[in-house]
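Engineer: Turn these sequences into a full structure, and let the hints guide you.
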Amino acid sequence: MSTLLEVDDLRVNFPTRTGLVQAVRGVSFSLGRERLGIVGESGSGKSQTGRAIMGLTPPQAEVKAKKLAFDGIDLLAAPARQRRALRGKRIAMILQDPKYSLDPVMSIGRQIVETLRTHEKVGKAEARDRALAMLEAVQIRDPARVFDLHPHEVSGGMGQRAMIAMMLIAGPEMMIADEPTSALDVTVQLDVLGILDKLVSERGMGLIFISHDLRLVSSFCDRVIVMYAGKVVEQLKASELRDAQHPYTRGLLNCMPRIGFERHPLPVLDRKPEWAA
Amino acid sequence: MNAALSIDGLEVVFDRFRALKGVSLEVKSGDSFGLVGESGSGKSTLLKAIAGLVPAASGSIAVNGKTLGTRRDKAFYREVQMVFQDPYGSLHPRQTVDRLLQEPLAIHGFADGEKRIQRALDEVGLGTGFRFRYAHQLSGGQRQRVAIARALILEPSILLLDEPTSALDASVQAEVLNLLEEIRRRRKLTFLMVSHDLAIVTHMCERLMVMQNGEAVENLTASQLIGHRVTKDYTRNLLRASEGFVRTA
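Heads up: the protein sequence lines correspond to chains A and B, in order.
Just so it is clear: in the first sequence, position 128 is 128 by the UniProt record's numbering, and no numbers are missing.
Just so it is clear: in the second sequence, position 109 is 109 by the UniProt record's numbering, and no numbers are missing.
Check before you lean on any hint, since a few could be wrong.
From the structure, some residues in chain B lie toward chain A, with a derived Cβ separation under 7 Å [to be verified]: (1) Ser39; (2) Ser171; (3) Ala174; (4) Leu177; (5) Asn178; (6) Ala199; (7) Ile200; (8) His203; (9) Asn237; (10) Gly244; (11) Phe245.
A partial selection of chain B residues facing chain A, derived with a Cβ cut-off under 8 Å [claimed, not checked]: (12) Asp169; (13) Ala170; (14) Glu175; (15) Glu181; (16) Thr202; (17) Ala241; (18) Ser242; (19) Val246.
Derived coverage of chain A by chain B (criterion: at least 3 residues anywhere in the stretch with Cβ under 8 Å from a Cβ of chain B; other residues may be distant) [what the hints assert, rightly or not]: (20) 190-197; (21) 253-259; (22) 264-270.
Derived from the structure by calculation, the hints contain no laboratory data.
The structure presented is a predicted model; accordingly, all values stated were derived computationally and were not measured.
A virtual CB, placed ideally from N, CA and C, is assigned to each residue, including glycine.
Structural biologist: Here it is in structure tokens:
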């Protein structure tokens, strides 16, 4: 399996008035053409890891790594211009809530066309055709109608599909999905995941799936990284989640109520200071 | 046992949109009842209509056998309190926990505020150390505990819970769910709980109602749901969806 992304000892620090906040503290992993899940609770540094790879860390923060390379390109040494060219073209990102991540004053079709024409030299008519085809690929029934709608006129699930269409139109090799379905209803969630799954495997993309939901991630991904307090506490195959060793992973799996498994009271996580050490 | 809450043919209309289309429901005293459904199903609207936060177009709501009018009186709020979904939005950012908890006591003219505040904080596991902090100095779980303390301080008999843990991390969710269960047992409270998560509802409630598009789809007991003994396709879909992603191919 060829390696698409290599991350070695990634650190993201935020200088604040009260001192340095270390959001990510030495995360290492590599990604091939596979589905990798990054799981953690709020504040674990999972989103900042994704953003650092994407190059979307706020300017006041410092990003350091022994190695952060996408397809051999050293991302930390790359000039801003080169990173802009990568973003959207070869590395794409889907965010949590389409209500906020889509431009509210631009029609969905125009946004998709804009993405395409930023990265490729295509004529207006061809761009429109490709955008329509992409909308169809994400299983939007009436692409021509949705093309002219604005984000507020569509449902959350439809908006997230449009977002996926927009991210995939330039044919990226790697996709970072940060909680792509958390804002959606459960049944819609599965539709969107199904579409994402199909497109990612058809196109042989690498996917980083960031989520707080350990169970969802393990049903969707090949491999799972569990983060706690800015560090990776455990890396394992999704199929071997039941044999997780780290008490945090086990605690996280255990504390969720499950249909048909009555436990009163629910087991709670007993956080140990050494997990964060 | 008599009904703590009985609702008959409740309709809520926003302009021309019928958010609730004649929903009926009965919750026995001491029971925990769950409302499940996707966004837009009307489950939160039902809760708000009971609390008097949205006007009912028609139908009736009775609490402990007493039918409610269009305006809720003070006695109603002493019986029925609500905990909202987002602890980041439901606590006043410029009031200390102490001030937040004093508000309902002042409104209802309780004299033994000091004792009640201490008791309420102890009961939700915060202790008096948190009394003079602001909401922004607390974590999400601690904030939701403050919101629960505020609801409990008037010693209501019915708690309306609108997705009380969906804004919290899984591990914190477990703590808050345990707290709610313990309080219900100790105070013999009646719960009406809204959630989109079937697992949480089956964990917390003995009976539940599945809602869709402002209508009741079906009424179930938790054990019927666990045993997949459901009659409607919609409920079956929800059940399947809650089991996670299954790759087809």
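Engineer: Look at each hint and say if it fits the structure.
Structural biologist: Taking the hints in turn, this is what the structure says about them:
1. Checking serine 39 of chain B against chain A by beta carbon gives a least distance of about 6 Å; that is within 7 Å, so the hint holds.
2. Satisfaction of the interface hint for serine 171 of chain B is found here, the shortest Cβ-Cβ separation to chain A being roughly 4 Å, below the 7 Å cut-off.
3. Taken as an interface hint, alanine 174 of chain B checks out: its beta carbon lies about 4 Å from the nearest beta carbon of chain A, inside 7 Å.
4. At about 6 Å, the closest approach between the beta carbon of leucine 177 of chain B and any beta carbon in chain A falls short of 7 Å, and the interface hint on this residue holds.
5. Among the interface hints, the one on asparagine 178 of chain B holds; its C-beta lies about 4 Å from the nearest C-beta in chain A, closer than the 7 Å criterion.
6. At a threshold of 7 Å, the smallest CB-CB gap from alanine 199 of chain B to chain A is about 4 Å, leaving the interface hint in force.
7. This hint holds: isoleucine 200 of chain B has a C-beta 5 Å from the nearest C-beta of chain A, less than the 7 Å allowed.
8. Checking histidine 203 of chain B against chain A by beta carbon gives a least distance of about 4 Å; that is within 7 Å, so the hint holds.
9. For asparagine 237 of chain B, the interface hint holds, the least distance from its beta-carbon to any beta-carbon of chain A being 6 Å, beneath 7 Å.
10. Checking glycine 244 of chain B against chain A by beta carbon gives a least distance of about 4 Å; that is within 7 Å, so the hint holds.
11. Interface hint at phenylalanine 245 of chain B: satisfied, since its Cβ lies 4 Å from the closest Cβ of chain A, which is below the 7 Å cut-off.
12. Because the smallest distance between the Cβ of aspartate 169 of chain B and any Cβ of chain A comes to about 4 Å, under 8 Å, the interface hint for this residue holds.
13. Checking alanine 170 of chain B against chain A: minimum C-beta separation of about 5 Å stays under 8 Å; hint holds.
14. The beta carbon of glutamate 175 of chain B is positioned within 8 Å of a beta carbon in chain A (closest approach about 5 Å), and the interface hint is therefore held.
15. Annotation: interface hint on glutamate 181 of chain B holds; nearest CB of chain A at approximately 6 Å, less than 8 Å.
16. Checking threonine 202 of chain B against chain A: minimum C-beta separation of about 5 Å stays under 8 Å; hint holds.
17. The beta carbon of alanine 241 of chain B is positioned within 8 Å of a beta carbon in chain A (closest approach about 4 Å), and the interface hint is therefore held.
18. Annotation: serine 242 of chain B was flagged as interfacial toward chain A, and the flag holds, the nearest CB pair being 6 Å apart, inside 8 Å.
19. Because the closest C-beta pair between valine 246 of chain B and chain A is about 7 Å apart, less than 8 Å, the hint holds.
20. Interface restraint, the region 190-197 of chain A with chain B: holds (4 residues with C-beta to C-beta distance below 8 Å; minimum three).
21. Counting residues of the region 253-259 of chain A whose CB lies closer than 8 Å to any CB of chain B gives 5, so the stated coverage by that chain holds, three being the minimum.
22. Evaluation of the coverage hint for the region 264-270 of chain A: fulfilled, as 6 residues show C-beta separations to chain B shorter than 8 Å, against a requirement of three.
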